[in-house]
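Build out the structure end to end from the sequences listed, making use of the hints.
If you read the protein sequences in the order shown, they are chains G and E.
Going letter by letter, the first sequence gives residues 1 to 101 in UniProt numbering.
Going letter by letter, the second sequence gives residues 1 to 244 in UniProt numbering.
Worth flagging that the hints you see were computed from the coordinates, not collected in a lab.
In this text, all values refer to a predicted model and were calculated from it rather than measured experimentally.
Glycine residues also receive a C-beta, built at the ideal position from the N, C-alpha and C atoms.
Wrong hints could be hidden among the right ones.
As the list claims (entries may be wrong) - Footprint (simulated), chain G over chain E, 3 or more residues, beta carbon under 8 Å:
id, stretch
1, 23 to 31
2, 35 to 41
3, 78 to 91
4, 94 to 108
5, 174 to 186
6, 199 to 210
What the hints assert, rightly or not - Examples of chain G residues toward chain E, derived with CB under 7 Å:
id, residue
7, Val3
8, Phe37
9, Gly65
10, Leu68
11, Ala76
12, Ala96
The lines below spell out each chain.
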Amino acid sequence: MNVWIAVVATGLGCYALKLGGLVIPQRVLEDARVRRFTDLVPVALLSALIAVQALADGRTLEFDGARLAGLGAAVAALLLRAPFLVVLVVAAGVAAGLRLL
Amino acid sequence: MTSTRPPGSAAVREPAVDGRRAAVRDGLGVGVAVGVSGLAFGAAAITAGLSVTQTAVLSLLAFTGASQFALVGVIGGGGGLAAGTLGAVLLGGRNALYGLRLASALDVRGWRRLLTAQVVIDETTAVATAQQGRAAMRAGFYSAAVTLYAMWNLTTLLGAVGAARLGDPETLGLDVIGPAVFLALLWPRLTSARAPDGARGQVGVAAAAMAIAVAATPVLPPGVPVMLAAVTALPALLSRKADR
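And the structure:
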C-alpha cells in the first residue's frame, strides 16, 4: 500500500466519523455500555501507541535510554501541570541533551 | 491539544453579548495555542519519512491530531500501512461522539453540516461545551475551529519544511514527540474521575493495552499490536448490565 493511499484513506475515514456523529440519531448514546466502550477505546489505543513508540523499533523491542528519559521528563512536566507545548519541548529537549553527552 | 484552559469567566454577566464575546476569546486563545503544535506534527511526519506534500495533505484532510500522529508513528516504525490507517481512523472515532454531543447545539444542515463536520475535534468541542447557552457555544466552537484549522495547517507546513532541512531528527529528540503527544492527550483521562468508570477503570485499560501491544510487537507486523490493544475496551461493551 502506497503512503498516499494511507494519507487519503485516513483523511476520508476521519471525516466520515466526524460527519457520522452529526448525522446519527441521538438515541445511541442512551446505552451506557456503548458510552463506556466509546470512552475506553481511545484510552486503549493511546496507551498502546505510547508503549510501542517508546519501546519498539519495527518488530524488535529496544531500550533507548535517551528516549525513555525524554518520556520520563514528559511525565514530570505533566505532574507539574505544564502546558501541552511545554511538555513536548521538555521531552524532546531531555532526549536531545542526553544524546549530546 | 489537551491543555485547553477553562473558559473565561465573563460568560456569567450578560449571557447574550458578553457570553458570545468571551466564547470567541476562548476560541481564539485555544486555536492559537494548540494550533502551534502543528509544528511538532510536521516535524514528526518528516521524521517518519513522509514528504512535505503528504504531510500537508494529511493535516488538511484528517485534521485530528492524535490520528495523524498515530499514522505517521506506524509509518515511521516501518509498519503496515493498512493497520496504521485502521488504527488512525479508529482513534478518530471519538470525534463521532463529540458530533453526537454537539449536534443539537450547532443545529446545522446541508452544506453547512458538511463543512462543520470537518472541525468537530477535541479542542473545538472543549471550547463549545465550556460555554453557557447556544449562541455562546456556537461562537466558541466556530472561532476555535477557524483559528485552529488555519494555524494547524500553517504550522504543519512550517514544521515539515523546517524538519526536512535539519539533519538527523533523533539528535533533536524529535522521535520522543510522538509518544509525548499521546501521553499528554491521555493524561487528563487517567488523572480525572470524570469518566464513567472513574480514573481507575481507565488506568486498568491503559495498563492492559500497553502490555498487549508490547507483548505482540515481536510476533505481529508493526501497527497490528496497537489495533489488537483495542480489545481491552471490549469488556465494557460485553458486560450484560452497565453499572450506571
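TODO: Please name the hints from earlier in the document that this structure breaks, with their numbers sorted from lowest to highest.
DONE: Of the numbered hints given earlier, those the structure breaks are 1, 9, 10, 11, listed in rising order.
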